[in-house]
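Engineer: Construct the complete structure from the given sequences, taking the supplied hints into account.
Heads up: the sequence lines are chains A and B, in that order.
Read in UniProt numbering, the first sequence has 57 at position 57, and its numbers run on one by one without any break.
Read in UniProt numbering, the second sequence has 64 at position 64, and its numbers run on one by one without any break.
It should be emphasised that the hints constitute simulated quantities derived from the structure, not laboratory data.
Just to be clear, a hint being listed does not mean it is correct.
[To be verified] Straight-line C-alpha distance at most 30 Å; calculated DSS-like pairs for lysine-lysine: (1) B:K53 - B:K14; (2) B:K49 - A:K46; (3) B:K49 - B:K14; (4) B:K53 - B:K109; (5) B:K93 - A:K23; (6) A:K23 - B:K109; (7) B:K85 - B:K109; (8) B:K93 - B:K109; (9) A:K206 - A:K46.
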Amino acid sequence: MAQTNAAASEPTQHPTPDLSHLKHVDYRNIYEPAEDTFLFLDTLQKEREYINNLDPVICLEIGSGSGCVSVFLASLLAPYHALFLTTDINPAANRATLQTATANRIAIDALRADLLPALRSRIDALLFNPPYVPTPSAEVGSHSIVAAWAGGIDGREVIDRLLPLVSDALSERGVFYMVVVNENRPEELREVMNGFAFDMEVVMGKRAGNERLKILRLSRML
Amino acid sequence: MRLITHNMLQCHVKACPPGQSYPLQIRNAELEALDAEFNADFVRRLIPKLDWKVLRSTAFELGVAQLPEECPAEPTEDDLQMIHKVALQTRVKEAEMVCSGCGHVYPIKDGVPNMLLQDHEI
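Structural biologist: Structure representation (structure tokens):
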């Protein structure tokens, strides 16, 4: 359950996961945590009570890269325990995620998968920092580090593949957090998800260089 | 990948016969025991998500533990410890997961199951 006294005495910044095991050479193959990642961490910290109140048993992050976000969430929710699963299409990212989990004494199972694996159980908290950068369509579909950013037309090609899967994947009370930029047309995403009976809230926003980042929270309409 | 995750994974080959995509059979497994912190509350919350029969048969086939026929309705601390050991402390390092419905093989290497499919299987 949520720790009310922690909320009262904030804001202390929850520590960023230890990533010192990842070297320069690793970041040739996996995405190095950047402004978008750190904004995602800040958002999760802000949303901690909301997430804890869902009593999550299964958390899954799509495209976990270095593993920074899932490890952060796991340590943020501790001593509350959940099952943390991650997917990434890039095997270097699967390895890095497990290394980051081990280095921070967090238990994670990393799966090599395209977006979501087929699970018998529904997910309570789904996280995705997608490849949102507008690129030529031909750059989409790589299994390398390019998959971390190449989003195709309007940076929407991967996002648009996931959205129709979200409702079936999430538990009744489940929540889905996703990073986007303005080029992805968040208002259009809202309409798409309204069509699946989901509400969308922009829970964080920031200008980082030429990216106008937003973090979306999607949950079923009441 | 721990046995808890195996307990949830299904085959997702499009042509896999309905109702036969679960469970995936583990073959040629190399296991390792993890030193994971026991949390009774977490194990209790996990129980409703488990397919007990599959956890039981998997644990038996891999020689990890002999679980009772039925999941204890009111689990004792010992029961919870046992489930913790099987589901959360047993990690499959190397193996093949084979779908008994369509025969698709999902390899596990360095603890990471490869759930990717070929284009014609999607």
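Engineer: Okay, which hints does this one fail, numbers in order?
Structural biologist: none
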